[in-house]
Each structure stands twice: as C-alpha cells, then as structure tokens.
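**Q** For reference, the chains in residue letters:
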Amino acid sequence: MATVKLTVDGVPVEVEAGSTVLKAAEKAGINIPTLCYLEGIHEVGACRVCVVDVGAKALQAACVAPVAEGMKVLTNTPAVRTARKTTVELILSNHPDNCPSCVRNLNCELQALAESLNIRGNRFEGARNEWTPDVSSHSIVRDPNKCILCRRCVSVCEKVQGVQAIGPINRGFNTVIAPAFGELLADSVCVNCGQCILVCPVGALYEKDGIAKTWAALSDPGKHVVVQTAPAVRVALGETQGGEPGEVVTGQMVAGLRRLGFDGVMDTDFTADLTILEEGTELIERLTKGGVLPMITSCSPGWIKFIEHFYPDLLPNLSTCKSPQQMFGALAKTFYAEKKGIDPASIFSVSIMPCTAKKFECERPEMRDSGYQDVDVVLTTRELGRMMKEAGIVLDKLPEEEYDPPMGLTTGAAVIFGATGGVCEAALRTVYEVVTKEPLKDVNFKFCRGLAGVKEAEVDLKGTKVKVAVSHSLSNARKVLDMVRAGNPNGWAFIEVMCCPGGCIGGGGQPIPTNTAIRQKRIDGTYTADERLAIRKSHENPAITAIYKEFLGQPLGHKSHELLHTKYTPRGRYRIRKEKAAD
Amino acid sequence: MAAKAESATGAKLKLAPGQPLPADLAKEIDVIIARYDGNPSSLINILHEVQKAVGFLPEPVLTHVAEKLGVSVADVHGVVSFYTLFSMKPKGKHRIAACKGTACYVRGAPRVLERIEKELGVKFGDTTEDAQFSLDIVRCLGACGLGPVAMVGDDVHARLKPDRIPAMLKPYR
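The listed protein sequences correspond, in order, to chains W and P.
Under the numbering used here, the first residue of the first sequence is numbered 3, with each subsequent residue one higher.
Under the numbering used here, the first residue of the second sequence is numbered 29, with each subsequent residue one higher.
There may be inaccurate statements among the hints.
Said to hold, decoys possible - Which bits of chain W does chain P cover? Going by a derived footprint, with three or more residues having C-beta under 8 Å, they are: (1) 167-177; (2) 571-579.
As the list claims (entries may be wrong) - Straight line, CA to CA, 25 Å or less: simulated BS3-like cross-link-like pairs of lysine-lysine: (3) K448(W) to K464(W); (4) K161(W) to K96(P); (5) K96(P) to K481(W); (6) K189(P) to K128(P); (7) K551(W) to K439(W); (8) K146(P) to K117(P).
As the list claims (entries may be wrong) - Non-contacting residues of chain P with respect to chain W, defined by C-beta distances greater than 12 Å in every case (computed): (9) L53; (10) K80; (11) A81; (12) G106; (13) G129; (14) A131; (15) G149.
Simulated from the structure, these hints should not be mistaken for laboratory data.
The structure presented is a predicted model; accordingly, all values stated were derived computationally and were not measured.
Glycine included, every Cβ here is placed at the ideal spot set by N, Cα and C.
When you get a sec, could you build the whole thing from the sequences and use the hints?
**A** Structure follows, in structure tokens:
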C-alpha cells in the first residue's frame, strides 16, 4: 500500500495515497468542520465549509481534496476562518431564525457550526425563499424553508435506498429539494423510510407529529390507552437522554410509559414471536405444499411500499403476515379488549417505533381488521424521548418494570427482530425445531448477524436443506430481488429484507445521529438483550401458546387469517398520482 | 425556421399531468430513445430531440422518457428544470430571447425586460395566452457592445430602450 507523508498544521502524518485531506487531518487529531459531507454516501465538496489551505492558489475542500507528498495543510489561517464563516453566514442569511421552536434545536449541525465558528449576528440581509412545507405524507414532513441544499437526503434516497423519490429542482437561488414536478411526498415513490431525516443536518425533514394526539388520548378519561414498544426502541431510547447507544433500557422505558399515563404497557416483541409462528408455518407450508418461493419477510413497512412500487411482480413472494405492529394492533382491539372486558371503541392504540414508515402503515385502509383503525398513532423513538422530556421523566432514575400481560411476555427471538438478520435467525430457531422435532444445540445463527449487505447460508434441517438470504437497506434489497427476478440462481427459499441499514435499529425514527458506529452499538445491545432472556425461541413463549389456545386456534388458522394476515397493493413507479385517482 | 413548425405542435398539445401520452406521440419519442439505445447517460441528447419534436417538455412527456429509460422522474425533471434551454411550457410562435448578461444588465436590460413583460402581459419564462410570443432570459448573445440586446426569432434587436419596445414588437404582432 503506497503511502503519502504530509503535515497538517505542522503535525506530521502518513496516510494511504488517494486519501482526502479530511482523513489525514482526522488521523493527525485535527478537527475540520464539515456540513454537506456524509462519509461514503455524499462526498461532493459542495458546501465549502471544510476548506483548508493546501498551498494552492485557492482554498480546497478537505472532504474531496486528495493528499500529496510533502503537502503542508493549514486548517486555521485567517483566510480559512473567514471563508468558512462567510459560507455559513450566507447559508444563515436564507435560513429561518426560529431555532428555539425547531424540532432539531440543540441537535442541529448548522446551529453547532455557527456556534463553533463564533458567528454572532447576521451580516447578510438578502432575499429569503418562501416555500410551503409539504405535510402530505403520513410519515415525513418536508420544510424546504429550512433546507440548506446539502443534498445528503438526495444521496441517501438514491444510493442507500435506491428509491430516488426526491431530487433538486431548478437552479441557483430557486433550487428546491422535492419529488419530481414539485409533487407531494404522499404522491411520490417515497417509501417513508425516513433515512433522509437521519442525515438531514437541519430541521428540513422530520416525522409527522403523533405527540399531540397521544397526549390528547392520555388525558381523555374515556380512553383506555395501550402502548406497544418495538424491539429496536429499547436499545436506542437512552440516547435521547444522553445515554450510550446500545444501552438496554427496556425496564426503565416500561416504567416511564406507565408514568406518562398509558393504561396497558405491552410489547411488540410479543407479536414478533407471533409473527415467527405464523411466518414459520407459512414457510413450512410453502416448502412442503409447493407455494411461491422464495418467501420474503413482510415486517418492514418501508420495504413493503418499495416492493409495491418497484417490484410489484414479486408481491406473491411476500409472506402474507402483517408486521408485528399491525398484528398487535388487530389483537389489542379484539383479544385484549375481550380479555379485559373493554369496549374496543374506547381503546386508543399507540405504538413506539424506530420507524417513520410505520406511521404510513397504520393508516393503510386494510389495517382495520378489528373493525377500527387497529393502531391509532405511531410515535418514533425520538418522539417518545420528547414526551418523556416534556413530562420530566429521567430514565436513569426509574426502576426497571415489567410489561403488562397478556401481550407483554417476550423471547430473545423477538428482541433480535430489531437487527438485520434477526427475523431470519428467529425463524430458524423455530422452524428448525418444528421440522426436525429436535432441540437446537446452539440457538445462535451467527451468519445472520452483522452489517454485510447481503448474507447467505444453507441451513440443514436434518436432511432438508434450506437456503436463506438476509439483506438490509433497499439498495441491497434490489440486488436480491434482481436475482429472484433472474430465476433465483442461488436457490433461496427464504429471504429476510429490512428497509433500513442495519435493520430497525437504524430506522428513520431513531435518535439522531444514527451512523454506522452507532448502528453497530445498537446491534450489540440487541444481542445482549437476547442473551439475557430466559426464553430465546418464539414457540417456547408461554403467552404465545396461551393466545393460540384461548383465541387464535392455530397458526394460519381462520382467526389468524382474519386478523394477522394481509394483502398488498401494486403501485408502480410512474404516474402514481393518476393510479391513486383511479382507485 | 423549424422553430415555428415545432411551436405549432406544442401549442396544440393539451396534456394533463399524470396522463399517459397519445400513442402516436409516444411512438415518436420511442424512436428517438431507440436511436440512443435507450441509454440513460444520453438523457440530455434525448431530451433535446424530444423537445425539438414536441416543441416543449410537459410532465407526461418527461414521465414517459423516464419510464422508457428506467430512470427516476426526479432525475429527468432535475435536468430539465436545471438547464434553461429546456422548457416545460409550450413556446410561442415568436420566441423572444432577451439578454440579462452583465454588459446588457449594466446598460439597462432590467428596464427593457420589464417593458417587454408589460407590453405582452406575461412574465419571462411564460408564453402569451394567444401563443404568439414566449419570453426567455438568456445570458449573453455575444453582442455586448450593442447591449441591451434581444432576439425575436432570428432577428437581433440592439441598443434597446424601454420606449423602443412597442416598435420592436409591432412587425411580429
């Protein structure tokens, strides 16, 4: 490996040839501020905040300027400081001044940059854009007035998710990031994954608020408010209060939810276990009775909208199982209502999700099998963090409490739903034992784990060999689906697809920042939580056995079909608005 | 010039957003795309030719091009809205290209442009109701010494003053 020697502010450093000045400075322990830069995803040197003096005629953008032998980089000269400051001042001259009421207040890269560059006052008074915020989507609000046109959202939507719902329109001062033709997000191919929110440096993209409705329900004495918490929330909620990523705060979260006033605090993990029973049985049926293979998981609503838009021909490959959130919703207003003797009309069902796409999912017209809207409001992990802050709840100071029955008992198999590969691993833990009728020697299917884009393996169910694949992020889903379209040459029988990088722990509703290092920590936390649980296989969950005995009958039985399974909508990629109008 | 014939096609086309294209028009566009082997990296060339054939690039045309190339509509619309030589609106019989480059600007182009807008009752970027004139701003026509300059069709009008605009337009009305 060829290396290059240079100095950054006099500090000698040796880096790989072809590295950027930014990387070299990092190695030398010198911080260069960046704004539009997003490692590996958006490296275009557009915002000019990271400019440095490399001895050339003009200042260079450190994030894209390559190192050279003997280069003397200066990151703190009067010219550099002035250039950075002026750039940020110009951005601020067309940016609203309402920081205190912004959703990203105190967690905003522009705000932090202005602070670190010691900007005081507005030097430039000029024209300001006035756009109408797009509130059409159930999941995501887009406020172009706050947008600084860094295009990180555009890059993540295109390169990581392969969706390309948004892009720059017009040029110069009139540029705006929006769906084509300035359409509404709700009328676009946007899959609601919210990865754009995670990478937005400012408050131009954020989730549609569910807090107001939730407070209203909680203060309504006529409502019985139940809440479910997704697997990935427990390893990230702590971050909203300054905790470490991956710290497992399940018990404190349950206690905090009770203090917020929820009448029933239960766990989406319960219906994750139920999903394994339903989906596992469905897989065994498809394998033995000749159904459509490979069967692909259906837990991730961003992924579902993606396949409806881009691969509608492969919809028969999807498992018919609803997501765990929607299974819970349907059961909350049927099974739970019956068991508690509560009128389902008075139940208000809230879910805490790492996800913005879940907000869209709960509004899908088919998600009303209980006779009511099954899930009334979805809150992101971030929103729950905000509610707790508003209520003065400090997780660290709370005791660990247990979930409420009858949908509060959970297994390690359900917890790992939150990480990429988790659903596949959980399914294998059950399918193996159901098919072979033998206990697993080791429940850990380690090939499922980790951040590789597509993971594959062959599992031996005592003679029956089953090939499985696991993918996360929609650009990787594309790779897998293109293979399936091409005749499935690898012979996969079962594929887990998760919409977001890293799985739900990296979902669009998770605390900001969410990056690769933080994703890994949340994944580690997820497997720690799995190991801590006494029961680690879904089919050994006694609450699951009970619900089949008391209410559902059997997996794929009549009642399951009615409440736990669903149908999909082919949407296509072009002329979506027209198709919608034709409905 | 061919521009006149093209504009006539454009003005007649009434395409609502979200609608598929009439079959004959779709076929004409498909022939152009086929000439570039349906290669998405030829997007700009394809758009040029399609604009030449249709007269302008309305949304249904762009959606059709995107679909045939297998690219996102966001990509295609991004390109079309970036380059001023592409237009999503039909062009008039007479295309006015008024220069707002530096030299013309300092010689008084803004007031000239204002007067043109006032005389024709539409803003730059638009086309008159009767489809006779469309107004575009350009950056430099290579006649800086004669500024402010505007072209009406192929005719160059130099050293413009606001008061000379009615006379400039008269022969085309």
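**Q** Hints first: check each against the structure and report whether it holds.
**A** The hints, checked one at a time:
| no. | hint | verdict |
| --- | --- | --- |
| 1 | 167-177 | holds (count 7) |
| 2 | 571-579 | holds (count 4) |
| 3 | K448(W) to K464(W) | holds (19 Å) |
| 4 | K161(W) to K96(P) | holds (21 Å) |
| 5 | K96(P) to K481(W) | holds (21 Å) |
| 6 | K189(P) to K128(P) | holds (14 Å) |
| 7 | K551(W) to K439(W) | holds (21 Å) |
| 8 | K146(P) to K117(P) | holds (20 Å) |
| 9 | L53 | holds (15 Å) |
| 10 | K80 | holds (22 Å) |
| 11 | A81 | holds (20 Å) |
| 12 | G106 | violated (4 Å) |
| 13 | G129 | holds (15 Å) |
| 14 | A131 | holds (20 Å) |
| 15 | G149 | holds (23 Å) |
When each numbered hint is compared with the structure, a violation occurs for hint 12 only.
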